[in-house]
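Trainee: Sequential numbering from 1 applies to the sequence shown in the working numbering.
Derived by calculation from the structure, the hints in this document are not laboratory data.
Just to be clear, a hint being listed does not mean it is correct.
Ranges of calculated distance between the beta carbons of each label pair, as one might list FRET restraints [unchecked claim]:
1) L20 - Q100: 34 to 44 Å
2) A40 - T175: 35 to 45 Å
3) H31 - D59: 36 to 46 Å
4) S104 - V22: 36 to 46 Å
This one's a predicted model, so the numbers in the text were calculated from it and none came from an experiment.
All C-beta atoms in this analysis are idealised placements derived from N, C-alpha and C, irrespective of residue type, glycine included.
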Amino acid sequence: MRRVGPLSLLAAGVLGLLSLTVAGSVLFVRHTAAGRIFPAATVPPAHAALVLGAQVYPDGTPSAFLAARLDLARQLHQAGKVKLIVVSGDSTAAEYDEPQAMRSYLIAAGIPESQVIIDSAGIDTYSSCVRAREVFGVSDLIVVTQSYHLPRAVATCLRVGVNAYGVGDDSVRHTRSWWSGAIRDQVACVKTVLDLVVDRRPRLD
Numbered sequence: 001m002r003r004v005g006p007l008s009l010l011a012a013g014v015l016g017l018l019s020l021t022v023a024g025s026v027l028f029v030r031h032t033a034a035g036r037i038f039p040a041a042t043v044p045p046a047h048a049a050l051v052l053g054a055q056v057y058p059d060g061t062p063s064a065f066l067a068a069r070l071d072l073a074r075q076l077h078q079a080g081k082v083k084l085i086v087v088s089g090d091s092t093a094a095e096y097d098e099p100q101a102m103r104s105y106l107i108a109a110g111i112p113e114s115q116v117i118i119d120s121a122g123i124d125t126y127s128s129c130v131r132a133r134e135v136f137g138v139s140d141l142i143v144v145t146q147s148y149h150l151p152r153a154v155a156t157c158l159r160v161g162v163n164a165y166g167v168g169d170d171s172v173r174h175t176r177s178w179w180s181g182a183i184r185d186q187v188a189c190v191k192t193v194l195d196l197v198v199d200r201r202p203r204l205d
C-alpha cells in the first residue's frame, strides 16, 4: 500500500477546512434569510427598494443582469410596493459609473427623478446594506438582485439592522455567467460572515 506523505495530508486537511468554512457560511446565510424571499407579486411593501449594482458597459448601458434587477425594481415601484428606489454601486471605475447608469435607466423607464436615490459608494453587498441605513436612513427595504445572490444580500441587511425582504430575478438563468456567479456567491458567503463578525465599517460619507 502506497504511503500518503505529510504534504498530501496537509493539503487534504486544508481543503477539508476550507470546504467546512464555506459550507458553514452558506448555511448561516440561508438560515438568516429564511422566510424573507418572495416573488414580486407577494413581497410585503417597504419604504424603498435597494438595487445592487452589476456590470455596466462603457457606453452606460446596463448589462442584462443589471437591467433585469432594475426592471424588477420598476415593477415594485409601479405596483406601489416601494416609494423610493436606491441604486447602489461602484462609481470609482474610470470607464463607467454604475449608479448613474442605473438611475438613468430607471428615469428613462418612467420613474420620477425625485424617487431614485444614488448610492455611489456601494462597492460590495455589505457596504450597500450598511450605507442604506446609516447614510440614507432606510431601515425597511426590499433588496433586488439575482435570486442566487438574494440570501446573502438579505442576510447581510438583517444582520446590520435593516428590516429586509428580497425579490430575485431568474430571467438570465440560462447564461453561463449565471452559474459562475452562483458559484462565486457561495464562496463570498465567507467574506460576508467575516465582515459581520468584525463589524467592518464601510465609507459613510
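Trainee: Hint by hint, note whether the structure agrees.
Mentor: Do the hints match the structure? See the list:
Between L20 and Q100 the beta carbon distance is about 41 Å. The supplied range of 34 to 44 Å therefore holds. The supplied range of 35 to 45 Å is broken by A40 and T175, whose beta-carbon atoms lie about 21 Å from each other. For H31 and D59, the hinted distance range of 36 to 46 Å is satisfied, since their beta carbons lie about 42 Å from each other. S104 and V22 have their C-beta atoms about 37 Å apart, which keeps the hinted 36 to 46 Å range intact.
In the structure shown, a violation is registered for the earlier hint numbered 2 alone.
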